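Chemist: Order-wise, the sequence lines are chains A and B. Per the UniProt record's numbering, the first sequence starts with residue 1, numbered consecutively. Per the UniProt record's numbering, the second sequence starts with residue 1, numbered consecutively.
These are calculated hints, taken from the structure and not from any lab test. Treat the numbers as computed from the prediction; the structure is a model and nothing was measured. A portion of the hints provided could be inaccurate.
With a straight-line cut-off of 20 Å between C-alpha atoms, the simulated DMTMM-like cross-links for lysine to aspartate or glutamate are [stated by the list, open to error]:
#, chain 1, residue 1, chain 2, residue 2
1, B, K129, B, E189
2, A, K208, A, D254
3, A, K208, B, E158
4, B, K130, B, E158
5, B, K130, B, D152
6, A, K139, B, D109
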Amino acid sequence: MNGYNFAYLDEPTKRMIRRAILKAVAIPGHQVPFGAREMPLPYGWGTGGIQVTAAILGADDVLKVIDQGADDTTNAVSIRRFFSRVAGVETTTRTRDASVIQTRHRIPETPLRDDQILVYQVPLPEPLAKLEPSRAETKQMHALADYGLMHVKLYEDIARFGHVTISYDYPVMVNDRYLMSPSPIPAFDTLKMNRMPALQLFGAGREKRIYAVPPYTTVRPLDFDDHPFALIRAPHACTLCGATNSYLDEVVTDDRGGRMFICSDTDYCADRRGDAASEGDAA
Amino acid sequence: MTLEKPGFIDPVAEAQACFRLVLRTMSSPGQIVTLANPVAAPPLTPATAAVLLTLVDAEVSLWLDEPLADSWDWLAFHAGVVRATDIGSAAFLCTTRLPPLAEVFAGTDAAPETGATIILQVPSLEGGKKLTLYGPGLETPIVIAPQGLPADFVAQWEQNHRIFPRGIDLLLCAGSSFCALPRSVRIGEG
Ligand SMILES: [Zn+2]
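Bound-form chain A, shown alone (with noise of 0.2 Å):
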């Protein structure tokens, strides 16, 4: 910690941060800005979600970090020993045992809980931006709550392909009210966010936004009702521990076109095959 103030950001920083928080959740969905600050990572491996990390971060908080389901990929153990250096905070691979985690791409397995935080690291916050590259336009599209360059996109996709071929950062109503990007977790995962709860906080670094959805709030994929949202999943168990229901990475084995298909998430998979290697910090 030396030379750091706790969680690294200087006090004036995390007030600024969490006044955006609040307001944020005062209003699930809607992107709020905020005056981001240089952080000694480079963009790209998750600055906004550090910055909101950094801003709610306590002594007693006990944080996970995991980077498209695991605990132990490079970025993931970066941030997490980041975290234990600046803050002292104790860090777990375990869903169950963390009161604060951030996430890169997936939401973990396990269902969370009312008294933890989701935290998301957000590279494009604009749901509307590969539609609409004016910044100006998409906010008054937000401003009016009107979708219709979503729709169309989504009806030409159901015109051409038969389905919608969004199959990551699939497009969501948060309350009824605002479209907003879940960050690129699978479509797979867009499910849980509804009503899950757990607060949902999201950071984007480079593009300086700070959005929320709070427990137990309505979030559902954008869809007509002759094409309702279907989940797509491999049709696979995971060759590691059987499960049927979770998001599976496919492996290759060998270079003969050997594959697997095994959990994305892997304390949801050690867990579920009772493997002690998943207890502990894996800091």
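Model the placement of chain B with the ligand on the given structure of chain A, informed by the hints.
Modeler: Relative to the frame of chain A, chain B with the ligand by itself:
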């Protein structure tokens, strides 16, 4: 006299702990939380004082009503807060009587987050008229009964909710406890 009243003893840890309580109350409308380390700074109650130290500083403007005006020196010293000249321009209002919500800045449709936060110091969070809360943050509707709200509060709040996503967020503080009514919540009588 002001400097005899300290702020947080451990500013970093206490501000974090208080913020997490504020975050919990804003995430769970109506849920009452109590501070572990109250701040003694009358005429502010311990909860009001801690919430102000946690949220306001030189970057935001604050409006105080007359019964709390003695706290300006303490707030200037501990928070460096900027004094708002009138109700309509303040980002934060700290008050013992709810001003007409229509006079408070509610933000714009494009930037609703600029709507003000009111910290209302009330006699008690219990024993008043029953209000039922519905909306985001609530698994099922809950009932609260704070004292010290104006008689037409439900009608005022209905208007505040009607202009959503614009609106005003309200923190109710009594003693060392507080609860929140974010603008997203709907309130029914009884
Ligand atoms: Zn598995």
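Chemist: Compare the structure with each hint and give your call.
Modeler: Hints, one by one, checked against the model:
1. Distance hint between K129(B) and E189(B) is fulfilled; the C-alpha atoms sit about 8 Å from each other, no more than 20 Å.
2. At most 20 Å may separate the alpha-carbon atoms for a hinted pair to count; K208(A) and D254(A) exceed this at roughly 43 Å.
3. Under the criterion of a C-alpha separation no larger than 20 Å, the hint pairing K208(A) with E158(B) is inconsistent with the structure, at around 32 Å.
4. For the hint linking K130(B) to E158(B), the alpha-carbon distance of about 16 Å falls within 20 Å, and the restraint holds.
5. Note on K130(B) and D152(B): the hinted pairing holds, with a Cα-Cα distance of about 13 Å set against a maximum of 20 Å.
6. Of the pairs offered as hints, the one joining K139(A) and D109(B) holds, with about 9 Å between alpha carbons and a cut-off of 20 Å not exceeded.
Hints 2, 3, counting from the list given before, are not met by this structure.
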